[in-house]
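Participant: Next come the chains, spelled out residue by residue.
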Amino acid sequence: MTALADISAQETAARPDDPHLADAELKPAFFDWLCRMGDNTLILGHRLSEWCGHGPVLEEDIALANTALDLIGHTQMWLGLAAEVEDKGRSADDLAFLRDAMKFRNAKLVELPNGDMALTLMREFLFDAWHFEMLTALAKSGSPRVAEIAAKALKEVSYHLERTSDLIVRLGDGTEESHHRMQDALDRLWPYTGELFTADAVDEAMAKVGIAPVLADLQAAWERNVNEVLDEATLRKPETRFDVHQGGKQGRHTEHLGYILAEMQFLQRAYPGASW
Amino acid sequence: MYAQMVKSEGMKSLEDMSPEERAFQERIDRGEKIEPKEWMPEGYRKTLIRQIGQHAHSEIVGQLPEGNWITRAPTLERKAILLAKVQDEAGHGLYLYSAAETLGVSRDELMEKLHSGAMKYSSIFNYPTLTWADMGAVGWLVDGAAIMNQVPLQRTSYGPYSRAMIRICKEESFHQRQGYAIMMKMAQGTPEQKEMAQDALNRFWYPALMMFGPSDKDSVHSAQSMAWKIKMNTNDELRQKFVDETVPQAEYLGLTVPDETLKWNDERGHYDFAQPDWEEFFEVLKGNGPCNRERLEARRNAWEQGAWFRDGLTAYAEKSAARRAAALAAE
Chain A
1 MTALADISAQ ETAARPDDPH LADAELKPAF FDWLCRMGDN TLILGHRLSE WCGHGPVLEE
61 DIALANTALD LIGHTQMWLG LAAEVEDKGR SADDLAFLRD AMKFRNAKLV ELPNGDMALT
121 LMREFLFDAW HFEMLTALAK SGSPRVAEIA AKALKEVSYH LERTSDLIVR LGDGTEESHH
181 RMQDALDRLW PYTGELFTAD AVDEAMAKVG IAPVLADLQA AWERNVNEVL DEATLRKPET
241 RFDVHQGGKQ GRHTEHLGYI LAEMQFLQRA YPGASW
Chain B
1 MYAQMVKSEG MKSLEDMSPE ERAFQERIDR GEKIEPKEWM PEGYRKTLIR QIGQHAHSEI
61 VGQLPEGNWI TRAPTLERKA ILLAKVQDEA GHGLYLYSAA ETLGVSRDEL MEKLHSGAMK
121 YSSIFNYPTL TWADMGAVGW LVDGAAIMNQ VPLQRTSYGP YSRAMIRICK EESFHQRQGY
181 AIMMKMAQGT PEQKEMAQDA LNRFWYPALM MFGPSDKDSV HSAQSMAWKI KMNTNDELRQ
241 KFVDETVPQA EYLGLTVPDE TLKWNDERGH YDFAQPDWEE FFEVLKGNGP CNRERLEARR
301 NAWEQGAWFR DGLTAYAEKS AARRAAALAA E
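These protein sequence lines are chains A and B, in that order. If you count the first sequence from 1, position 227 lands on 227 in UniProt numbering, and the numbers rise without skipping. If you count the second sequence from 1, position 15 lands on 15 in UniProt numbering, and the numbers rise without skipping.
Since the hints were made in silico from the structure, they are not lab data. None of these values were measured; they are calculated from a predicted model. Among these hints, one or two may not hold up.
[Claimed, not checked] Stretches of chain B that chain A covers, calculated by requiring three or more beta carbons in the stretch to come under 8 Å of a beta carbon on chain A:
#1 83–89
#2 92–99
#3 205–216
#4 302–310
Backbone N, C-alpha and C define an ideal beta-carbon position, used for all residues, glycine too.
Using the sequences and the accompanying hints, generate a full structural model.
Facilitator: Written as structure tokens, this is what we have:
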């Protein structure tokens with residue numbers, strides 16, 4: 001215990017000064033925004049971890065678990081910082097395991113059920129392509145603490161995007177069946193992607209102080225990347241609106257999130273205050 | 001570990017061996033490693049395929065009982081550690097299938113045999129994981145029992161198997177420690193947590209002892225495998241070593257091993273302990289364990305429902321090879 005506490009004290013000491021953490025006016029938006037980052041990775045990580053032991057081939061079992069592990073690691077960093085900004089004595093675990101659905105701030109896209117591997121991969125690809133642009137911008141954030149986390153996460157997310165892009169191409173241009181499954185997945189998920197680019201007051205406040213990018217500015221690069229992969233995969237970009245399903249990041253979720261939380265939070269809820 | 005009751009092929013005395021067989025046995029006796037393209041008796045090859053295959057299957061079926069708790073892990077750190085651990089197990093499966101492939105059997109053929117029931121996986125994975133303490137008990141007892149067998153197998157005569165074991169052992173010792181760390185937290189936790197920890201030990205103790213297989217002191221198969229250095233110790237030796245090491249660990253946790261006859265024997269320098277119910281063991285092997293059906297069904301479903309995925313990737317690989325060939329021809 002002492003050793004761990006020492007390491008943690010050293011890390012705290014080594015952390016860059018960040019005036020944003022002491023900005024009382026900024027606090028509610030900053031906290032909310034950090035929860036958005038951490039909840040996206042937590043919920044997508046949860047979904048991917050559901051595949052463990054059930055993948056179509058051993059290499060996929062390993063890759064899915066590995067990606068889930070990366071995302072849970074990002075969650076620890078984002079929610080850890082959120083707890084610090086909030087400064088009410090809550091920990092990253094408290095935020096993950098003791099908030100109810102209306103307090104969760106992830107986009108609806110990541111909470112959708114896994115379906116088949118086509119849906120799982122397409123969901124991850126569409127998110128990865130956004131995540132990559134977001135983290136690239138955040139690595140240059142005006143908040144040194146945010147920039148530090150983004151730079152760490154970006155290394156892993158660059159690989160996530162490379163992997164899903166490659167699989168989208170192969171399966172889109174594979175057999176007739178794999179093509180249909182990928183197209184169906186794309187059609188189904190497309191209306192959920194716009195939420196990632198729709199800014200509200202929280203996003204605007206973050207952009208204004210230079211912590212986060214203007215979300216709409218990420219869209220062109222995301223589209224270019226996605227279009228390129230879909231073209232090579234011989235998949236057709238849907239003509240439907242991409243911003244139909246919104247509200248996740250304001251806490252209005254699909255019915256699916258409640259079940260994720262019921263499962264994820266079971267032990268913390270059943271044995272309050274126990275240490276694990 | 002994870003290889004139980006592996007049938008070995010015949011046992012010959014040195015006089016009955018052909019010159020090739022004798023030279024082969026002498027190489028093993030000198031401690032040389034046998035490598036994939038070298039001559040080997042057909043029985044050696046077949047026995048190894050059975051043993052490595054069963055071990056590989058155990059690693060991938062073994063993802064299921066622990067995977068069962070990943071989505072319910074109580075903290076982010078525990079979730080990350082468990083994910084890393086289960087991912088390691090899948091990685092072990094990969095090394096071992098690769099080692100088996102060097103003996104001329106494909107991964108797909110081995111999978112087929114697992115799914116048809118022609119090949120087995122360790123009996124232990126047919127027991128359910130019912131509470132979070134089971135993640136502790138599995139790491140502590142199941143990985144602990146596996147290590148007993150795998151450490152000596154690092155010196156096994158077949159090169160690729162030995163090298164796979166060396167890598168696997170490094171990770172397994174972490175797994176056992178993470179399991180024990182969970183047990184410590186639980187045993188020192190709230191009364192409910194302690195109750196879960198004791199219950200997990202009660203349920204996993206005898207199944208862990210079964211992992212070593214029944215007593216093999218009279219078994220011909222065992223003798224041949226030991227002569228070939230495919231098996232390094234008898235089942236009883238390993239079981240005794242496991243009990244001797246685990247009992248003090250249970251005491252340190254303040255938990256009670258569910259064996260009233262358990263007693264230190266000064267004369268032998270070992271613990272005396274009760275044998276598990278071997279009838280139950282054979283029933284589990286026959287398919288009548290608590291989770292045999294679920295485990296095999298989960299693996300079959302993963303395979304069958306993943307067929308389109310594998311076919312898609314294969315079709316793409318063929319198409320792009322054809323495109324490359326056409327581009328070359330056009331030059």
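Participant: List, from low to high, the hint numbers that the structure doesn't satisfy.
Facilitator: 3
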